[in-house]
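Start from the sequences and build out the full structure, keeping to the hints where you can.
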Amino acid sequence: MSRVFVHGLGAVSPAGWGVAVMRDAMEKNVPLPVQPLARPGWENPLFVRSVPPPPERPAFFAHPRLRRANVITQFTVAAALEALGETASLVQGGRVRLGIIVCVMAGSMNYSRRFYEEVLNDPATASPLMFPETVFNAPASHLAAFLASNAICYTLVGDDGTYLQGIALAAGWLADGKVDVCLVIGAEETDWTVADAMKRFRPDAPHGAGAGAILLKKDSASDAIAELALITDSFPFTHSQTRVAAARNMRAQFPPGPKEELLCSSVRQMPHLDEAENLAWSDWNGVRMSSRAILGQAFQAATAWQCVIACDVIRQDKFAGVNVSVIGANQQAMGARFVKPAFRSNT
Amino acid sequence: MLFPAPNLSGSANPNRVVITGVGIFTALGSGWQINAAGFRTGRTAFRPVTLFDVSRQRSKIAAEADMPAGFPATKLSPNGVRRLGRASRMLLHAAHEAWSQAGWNADENLPVVLGTTSGEMSLGEEYLQHAVRFPRAKKQQPTRIVHYQIQQQALDLFNAFGFDGPITLVSNACASGANAIGHAFEILRSGRAEKVMTGGYDALCQLTFAGFDSLQALSPAPCRPFDAARDGLTLGEGAAVLTLETLAHATKRNVAILGEITGYGAATDTHHLTQPHPEGNAALAAMTAACACAGVSPEQIDYLNAHGTATLQNDATETAALNRWAGRHAGNLRVSSTKSGIGHLLGGAGAVEAVVCLMALRGQWLPPQISLEKIDPACRFQIVNKPVDAKVEMALSNSFGFGGANASLIFRRWS
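Protein chains in written order, with numbering that gives the first Met the number 0: chain Z, 0 to 346; chain B, 0 to 414.
Hints in this document: simulated from the structure, not taken from any laboratory. Because the structure is a prediction, the values reported are computed rather than measured. Check before you lean on any hint, since a few could be wrong.
Stretches of chain Z that chain B covers, calculated by requiring three or more beta carbons in the stretch to come under 8 angstroms of a beta carbon on chain B [said to hold, decoys possible]: (1) 30-40; (2) 125-132; (3) 143-153; (4) 170-180; (5) 232-240.
Backbone N, C-alpha and C define an ideal beta-carbon position, used for all residues, glycine too.
Put into structure tokens, the structure is as follows:
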């Protein structure tokens with residue numbers, strides 16, 4: 000099996016556009032403020048952690064495929080371009096084969112809700128412009144079009160843990176030689192329908208939005224940010240495997256690890272939701288960090304942020320190894336481990 | 000461990016991948032036998048839509064399936080069965096047939112790879128309607144939220160048959176089912192697993208129906224793929240599930256083998272979100288990649304199950320791609336689109352059409368499209384328009400989707 004390295008990171012989050020502002024928010028360690036979101040039929044609004052407008056309008060907004068694209072696509076493309084860096088021009092020039100994997104759970108809910116409201120009002124006049132944007136793979140398609148990338152491109156749907164399956168899939172494509180580099184993006188957007196659904200299950204966990212992206216290459220340690228060390232099996236929540244058991248089984252696939260390492264978990268600082276994950280990692284003596292408590296609960300985007308943060312702290316030589324633990328909303332427990340590439344020495 | 004991935008075969012050479020179980024559910028009926036009889040004769044299953052109001056739509060027909068009164072015996076509780084939506088039921092009918100045929104056991108670490116575009120979208124529609132009309136009502140809303148989500152349908156499979164493993168849900172629009180089977184094939188070929196359950200499914204729902212109608216992509220009459228006078232697609236619904244194993248694993252179990260998957264190719268068309276490139280570059284790339292994977296050339300393909308939606312643009316693009324791909328052998332290539340009988344199953348299409356290819360390989364016949372009146376003169380290949388027996392050793396199935404997802408699969412007869 001080939002070794003796989005992380006060569007780029009990108010993020011759009013409630014902290015703003017870019018990895019740097021997300022890093023700042025994590026270093027401040029203060030939950031980002033929530034914003035009200037009107038919910039039809041209710042006097043009181045819902046609360047979400049939405050993405051602030053970009054400091055300046057990104058140039059890619061002017062691309063013909065992106066002018067009317069849904070918000071989740073804007074997040075996807077922004078995070079992807081940040082992670083790609085100069086590799087973007089190589090892809091656009093046809094010199095590098097780029098695999099694209101976009102992972103979503105709720106997907107393009109805003110256009111889906113608006114389109115279906117039009118259908119309920121009068122299906123004969125529902126907008127043909129909006130319907131194609133409701134399809135799960137619209138963000139991946141727009142990104143591929145922007146980059147003129149004709150290589151393989153998948154959209155995976157599932158709960159928070161699916162983003163880690165996306166990384167494993169990318170590693171497989173790289174190992175099989177299907178692509179030269181591969182982007183794995185997790186993205187979500189806010190809508191009152193999602194926030195309303197969240198409130199019914201997790202009233203204290205405001206829904207967030209944004210995207211996170213990592214760029215992977217195989218056998219290319221030079222200039223790498225981090226190395227992918229492992230992705231655990233997926234441990235689904237079934238009649239025969241409770242959340243607690245799934246979390247415990249996921250934890251068991253990690254190596255013991257030294258104390259100096261970091262655990263980047265998916266806990267939300269809410270004991271009733273965090274029980275399975277806290278039990279699984281009760282023996283962890285190292286440092287712990289939870290990005291969801293700061294940035295919000297944004298399903299696959301939130302897992303992507305965990306991975307971006309994990310690789311970013313390795314890039315900064317704060318930790319030599321980071322374990323990422325994800326107990327998803329309703330499907331699975333999964334984990335990943337990133338380590339410092341062997342060529343880099345401590346500074 | 001998903002990474003580093005194991006090589007369970009212990010060999011550096013790719014594994015051969017075989018099919019040991021198949022389940023199918025379409026508007027023709029539930030199960031291999033009734034569907035094979037229907038596809039062999041070119042039976043059509045279109046009728047007025049009854050599931051939702053289409054009085055204000057341009058098209059008023061679809062290949063709507065009748066749900067059987069009974070439900071297969073599974074490990075689901077009666078309440079669990081009662082909560083299943085239409086898409087889940089179709090998926091479980093197909094999965095039960097495939098599972099029974101494969102003779103797999105419960106409690107195994109078994110990967111599942113499924114393709115769908117909408118999952119249980121009708122429950123999402125109900126959720127929104129109730130949330131708007133009765134904003135304070137709570138009854139049944141949590142159930143709708145849970146069962147609407149695509150991952151729940153995969154979890155239902157686990158709970159129904161008592162197994163678990165990694166779930167991969169591919170949503171590449173109308174290529175989802177083919178991409179799912181292709182991904183399952185690659186998992187086995189590379190030795191990352193010894194067996195995988197895979198397939199695709201989608202049920203009719205108002206949002207999707209109205210969406211295609213808004214694009215004026217639906218025909219008011221039953222669709223006529225590759226017809227010179229074609230005027231749009233007709234939607235359908237259904238599911239197909241395949242149990243795949245490495246040849247070594249199937250041989251060790253001494254189980255009947257139904258066919259072999261030998262090739263998979265995928266490519267992305269960046270031309271437009273809903274319109275394919277007129278020259279069919281990505282379709283050509285997908286077919287070429289599938290042939291390279293299988294180690295075959297176009298003239299070795301005895302039957303091609305086309306994506307063939309019957310929209311002006313899809314069929315023109317696919318025709319251009321097929322003409323280029325088959326080259327001077329195009330005149331010998333036999334093609335049909337079985338969407339002429341069961342409609343376009345979206346995320347289920349690639350999986351159901353994979354099963355149709357298997358039926359042709361096992362039965363040594365070609366599925367006709369009876370509705371064809373005047374073939375589009377751009378087609379340099381043959382369209383199968385009447386039932387015919389034929390020697391079929393290899394079949395290729397095409398699936399293309401919104402967003403430029405293109406996938407091709409190649410199947411070989413097992414003898």
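Hint check:
1. 30-40: holds (count 3)
2. 125-132: Our answer is that it holds, as 6 residues pass the Cβ test (under 8 angstroms) against chain B, meeting three.
3. 143-153: holds (count 9)
4. 170-180: holds (count 4)
5. 232-240: Satisfied; 9 residues make the cut.
Of the numbered hints stated above, none is contradicted by the structure.
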